[in-house]
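S.K.: Chains as they are written, first to last, in the numbering used here: chain A, 26 to 186; chain B, 26 to 186; chain C, 26 to 186.
To be clear, the hints were calculated from the coordinates, so they are not data collected in a lab.
Misleading hints may appear alongside valid ones.
Copies of the same chain look alike in the list, so a pair counts if it fits in one copy or across any two.
Said to hold, decoys possible - Derived pair list, reagent style DSSO-like, types lysine-lysine, alpha-carbon separation capped at 27 Å:
id: 1; residue 1: Lys184; residue 2: Lys171
id: 2; residue 1: Lys128; residue 2: Lys42
id: 3; residue 1: Lys35; residue 2: Lys128
id: 4; residue 1: Lys35; residue 2: Lys167
id: 5; residue 1: Lys184; residue 2: Lys167
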Amino acid sequence: MITNLRSEIKALNGNTKGILFLYSFRFSAYFSRNKIMRIIGFPIRLFYTFFVQWMMGIDIYDTTQIGRGFNVYHGQGLIISSSVIIGENVIVRQNTTIGNANKNGKCPVIGNNVEIGANSVVIGDIAIGDNSIIAAGSVVIKDVPKNCIVAGNPAKIVKYF
Amino acid sequence: MITNLRSEIKALNGNTKGILFLYSFRFSAYFSRNKIMRIIGFPIRLFYTFFVQWMMGIDIYDTTQIGRGFNVYHGQGLIISSSVIIGENVIVRQNTTIGNANKNGKCPVIGNNVEIGANSVVIGDIAIGDNSIIAAGSVVIKDVPKNCIVAGNPAKIVKYF
Amino acid sequence: MITNLRSEIKALNGNTKGILFLYSFRFSAYFSRNKIMRIIGFPIRLFYTFFVQWMMGIDIYDTTQIGRGFNVYHGQGLIISSSVIIGENVIVRQNTTIGNANKNGKCPVIGNNVEIGANSVVIGDIAIGDNSIIAAGSVVIKDVPKNCIVAGNPAKIVKYF
Numbered sequence: 026m027i028t029n030l031r032s033e034i035k036a037l038n039g040n041t042k043g044i045l046f047l048y049s050f051r052f053s054a055y056f057s058r059n060k061i062m063r064i065i066g067f068p069i070r071l072f073y074t075f076f077v078q079w080m081m082g083i084d085i086y087d088t089t090q091i092g093r094g095f096n097v098y099h100g101q102g103l104i105i106s107s108s109v110i111i112g113e114n115v116i117v118r119q120n121t122t123i124g125n126a127n128k129n130g131k132c133p134v135i136g137n138n139v140e141i142g143a144n145s146v147v148i149g150d151i152a153i154g155d156n157s158i159i160a161a162g163s164v165v166i167k168d169v170p171k172n173c174i175v176a177g178n179p180a181k182i183v184k185y186f
Numbered sequence: 026m027i028t029n030l031r032s033e034i035k036a037l038n039g040n041t042k043g044i045l046f047l048y049s050f051r052f053s054a055y056f057s058r059n060k061i062m063r064i065i066g067f068p069i070r071l072f073y074t075f076f077v078q079w080m081m082g083i084d085i086y087d088t089t090q091i092g093r094g095f096n097v098y099h100g101q102g103l104i105i106s107s108s109v110i111i112g113e114n115v116i117v118r119q120n121t122t123i124g125n126a127n128k129n130g131k132c133p134v135i136g137n138n139v140e141i142g143a144n145s146v147v148i149g150d151i152a153i154g155d156n157s158i159i160a161a162g163s164v165v166i167k168d169v170p171k172n173c174i175v176a177g178n179p180a181k182i183v184k185y186f
Numbered sequence: 026m027i028t029n030l031r032s033e034i035k036a037l038n039g040n041t042k043g044i045l046f047l048y049s050f051r052f053s054a055y056f057s058r059n060k061i062m063r064i065i066g067f068p069i070r071l072f073y074t075f076f077v078q079w080m081m082g083i084d085i086y087d088t089t090q091i092g093r094g095f096n097v098y099h100g101q102g103l104i105i106s107s108s109v110i111i112g113e114n115v116i117v118r119q120n121t122t123i124g125n126a127n128k129n130g131k132c133p134v135i136g137n138n139v140e141i142g143a144n145s146v147v148i149g150d151i152a153i154g155d156n157s158i159i160a161a162g163s164v165v166i167k168d169v170p171k172n173c174i175v176a177g178n179p180a181k182i183v184k185y186f
């Protein structure tokens with residue numbers, strides 16, 4: 026766990042808050058693996074919920090499946106449902122919602138190297154393709170293919186790489 | 026007050042943060058009724074302002090008129106002006122603004138069983154009809170009739186029930 | 026500094042949180058001027074970062090160039106990059122992002138008497154003209170001329186004064 030985290034942190038390259046978040050998240054996630062760990066790690070997970078999710082407003086459950094190289098900028102008002110699946114080297118920002126569109130609905134699956142702009146909404150049973158960029162302020166309710174930029178409300182493809 | 030609150034809480038059905046918010050809000054609102062109550066309840070109201078409005082980012086004044094069964098999910102960046110009137114069983118989410126469109130302008134009146142999606146804006150002297158749904162990321166600046174879904178920026182009706 | 030601040034605060038006219046923010050910001054900015062000041066003011070700047078930027082969610086670096094009469098309403102989820110230049114008597118609100126559109130990209134220059142609505146995005150190497158209004162929920166990625174109102178995603182001019 027420690028070696029992985031170290032290489033992840035290195036990639037964050039000076040984003041203090043992102044580093045702090047990632048440490049807290051991976052640490053809290055480590056104690057969410059099984060019943061015994063959850064009992065031992067209860068104070069750590071409580072601290073994570075209270076301080077990171079409630080106070081800092083980075084509302085990501087520690088059981089969320091998130092790949093390596095996850096990068097959070099600012100993060101206030103960032104809400105990610107616990108059923109969202111996130112690939113490697115994904116970048117997310119502030120005031121963003123990633124989750125289900127209806128009660129008990131499915132959540133997005135985010136590919137690798139995806140970048141999501143500030144003030145975005147990504148909801149429903151959709152997939153976001155590798156290397157794609159979701160522009161700031163987008164409302165994404167449909168699948169996004171690989172290697173493109175989407176923007177607008179509702180979001181449409183504006184460019185292919 | 027206690028009996029009402031108990032049935033309200035029951036309806037929240039496991040939304041821990043929503044329950045915590047509702048207790049804090051109803052409790053603080055109880056001490057905002059008249060001058061004497063406001064003197065007695067000063068520390069409670071101060072705690073509510075500081076902890077719930079400023080730290081958790083659920084910025085709803087305790088004098089706001091909110092019907093029973095009010096349900097807040099996540100709530101970071103949720104700002105509701107104190108002159109907004111909210112009906113029963115209304116659901117609100119994070120990164121949402123409900124208030125006046127211009128300085129000293131009037132605020133929305135929200136009907137019963139209305140559901141408001143994340144990252145929405147609902148502003149001006151408008152009425153939101155019963156049972157309607159405002160989709161995530163909508164910017165609502167005109168009246169919304171009963172039993173419909175609105176979406177987009179500016180929000181338009183996309184479906185009737 | 027004190028006299029300037031006093032006249033600024035007077036203009037805020039009862040916006041308690043805005044006043045608290047402005048005091049904290051100007052005070053922390055005062056200690057960011059040079060190396061010696063930064064050493065003396067380290068605890069103050071740390072408090073500002075932790076309490077105002079992280080906890081209250083008003084994420085504005087104390088080195089940002091902001092003119093007199095700056096007015097923040099609510100401010101949760103308000104992120105302004107440190108390279109943004111803001112004129113006099115500018116009003117900003119909650120859930121708003123002002124910054125660069127791409128990594129290492131340039132940031133907006135905001136004129137005087139500009140008012141920016143809630144849940145807005147203003148990004149890229151653009152200029153916002155004096156006296157203009159950016160409506161709530163706008164996504165601004167192009168220059169905005171003087172004396173107009175822009176709205177929508179992407180934002181377009183809807184009215185000239």
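S.K.: A separate judgement is required for each hint: does it hold in the structure or not?
M.R.: Hint check results:
Only within a single protomer do Lys184 and Lys171 lie at most 27 Å apart by alpha-carbon distance; the minimum there is 11 Å, versus 31 Å between protomers. For a Cα distance limit of 27 Å, the shortest separation of Lys128 from Lys42 across copies, 17 Å, qualifies, whereas the shortest one inside one copy, 32 Å, does not. When the C-alpha separation of Lys35 and Lys128 is checked against a cutoff of 27 Å, the pair qualifies only between copies, where the shortest distance is 18 Å, while the shortest distance within a copy is 38 Å. When the C-alpha separation of Lys35 and Lys167 is checked against a cutoff of 27 Å, the pair qualifies neither within a copy, at 34 Å, nor between copies, at 35 Å.
Taking CA atoms no more than 27 Å apart as the test, Lys184 paired with Lys167 passes in both settings, with 16 Å inside one copy and 18 Å between copies.
The structure is inconsistent with hint 4 alone, although it conforms to all the rest.
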